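Chemist: Sequence:
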Amino acid sequence: MSDESEKSSTFEMLCGLTLAVLAAVLAINDLGAGKYGDDEIIAHNQKANAFDWYQAKGIKQSLVEGQRDILRILLESRVIPAESEARMGTLMATLDKEIGRYRKERKEILLGSTAVGQENWVLEEDGKLGQVKGAREWEAEARALGAVGDTFDIATFFLQICLVMGAISLILKGERMRNTFYGLMVVLGGVGTAYCIMAYSQAGAFA
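Per the working numbering: the sequence shown = residues 12 to 218.
Rather than coming from a laboratory, the hints here were simulated on the basis of the structure.
Don't take each hint at face value.
To be verified - Mimicking SDA-like on lysine to any residue, the simulated pairs with C-alpha atoms at most 20 Å apart in a straight line are: (1) K46 to V36; (2) K144 to Y65; (3) K118 to E148; (4) K18 to R189; (5) K144 to L122.
As the list claims (entries may be wrong) - Label pairs and their calculated CB-CB ranges: (6) A59 to E130: 26 to 34 Å; (7) I53 to Q78: 35 to 43 Å; (8) R112 to Q171: 51 to 59 Å; (9) Q171 to I53: 25 to 33 Å; (10) V198 to I70: 56 to 64 Å; (11) S20 to V175: 21 to 29 Å; (12) G128 to E87: 32 to 40 Å; (13) L86 to A59: 36 to 44 Å; (14) E23 to D137: 57 to 65 Å; (15) E23 to V198: 14 to 22 Å; (16) E136 to R89: 45 to 53 Å; (17) A158 to K108: 39 to 47 Å; (18) D41 to Q78: 54 to 62 Å.
Since the structure is predicted, the reported quantities are computational estimates derived from the model, not experimental observations.
Glycine is no exception: its CB is placed at the ideal position from the N, C-alpha and C atoms.
With the hints as extra help, turn the sequences into a complete structure.
Modeler: Next comes the structure, spelled out in structure tokens:
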């Protein structure tokens, strides 16, 4: 075997090994992108559900406030007989209490149980108080996962381009051009790997 053939064979082995490693990194990157992409979709759905729940509680609160205000007007205008005023006053107090409960519920739905504090827990999930994850919390999580997804996308771009550079280097005959494309593969692969690690770090995988 001539020196040129031996060098070519060595290069092909080295390039093939590098390609295999970078392809494995790309696979790991795609795995993370898929997982955290799914988590982002779930977070967006949960955020939408939480805001819908928040608005539904707001509608109920408005209805009760309307009932209380009508009763107050009737009492102030002396339309209700004197003997019924005490009963209407009790009913108004009950409605005020219900309005207060709705306000607490809406706050817990919006901000989450952790944010409002144990003394303000009013909603149960799975039979337990203090388990509500707020709409704002889901919103923040969706935003963070979106940023993670963007970083994974950048990593995918660099890793895919580097594999193309590596494939080109394998078919080139000229040593200088071959080494140039191999170098590009290594550099771009390194950048892609760095972004992949950064994405996993952003997602808290190393915490």
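Chemist: Do the Cβ positions of G128 and E87 conform to the proposed distance bound of 32 to 40 Å?
Modeler: holds, 36 Å
Chemist: Do the beta carbons of S20 and V175 sit within 21 to 29 Å of each other?
Modeler: holds, 23 Å
Chemist: Would the pair K144 and L122 pass a check requiring their Cα atoms to be no farther apart than 20 Å?
Modeler: Distance of about 8 Å is within 20 Å: holds.
Chemist: Taken at face value, is the distance from the CA of V36 to the CA of K46 at most 20 Å?
Modeler: holds, 15 Å
Chemist: Within 26 to 34 Å or not, the Cβ separation of A59 and E130?
Modeler: holds, 29 Å
Chemist: Could you see if the CB distance from D41 to Q78 stays within 54 to 62 Å?
Modeler: Since D41 and Q78 have Cβ atoms about 56 Å apart, the given range 54 to 62 Å holds.
Chemist: Within 57 to 65 Å or not, the Cβ separation of E23 and D137?
Modeler: With a Cβ separation near 59 Å, E23 and D137 satisfy 57 to 65 Å, so the hint holds.
Chemist: Just tell me: holds or violated, for the beta carbon distance of L86 and A59 against 36 to 44 Å?
Modeler: holds, 41 Å
Chemist: 25 to 33 Å was suggested as the range; check whether the CB atoms of Q171 and I53 agree with it.
Modeler: 27 Å Cβ-Cβ, so the 25 to 33 Å window holds.
Chemist: Starting from the range 14 to 22 Å, see whether the pair E23 and V198 falls in it by beta-carbon distance.
Modeler: Distance hint for E23, V198 holds at roughly 20 Å.
Chemist: Run the distance test for K118 versus E148: straight-line Cα separation, threshold 20 Å.
Modeler: Given pair K118, E148 holds - Cα atoms ~12 Å apart, limit 20 Å.
Chemist: Check the following: the C-beta atoms of V198 and I70 are separated by a distance inside 56 to 64 Å.
Modeler: 58 Å Cβ-Cβ, so the 56 to 64 Å window holds.
Of the numbered hints listed earlier, not one is contradicted by the structure.
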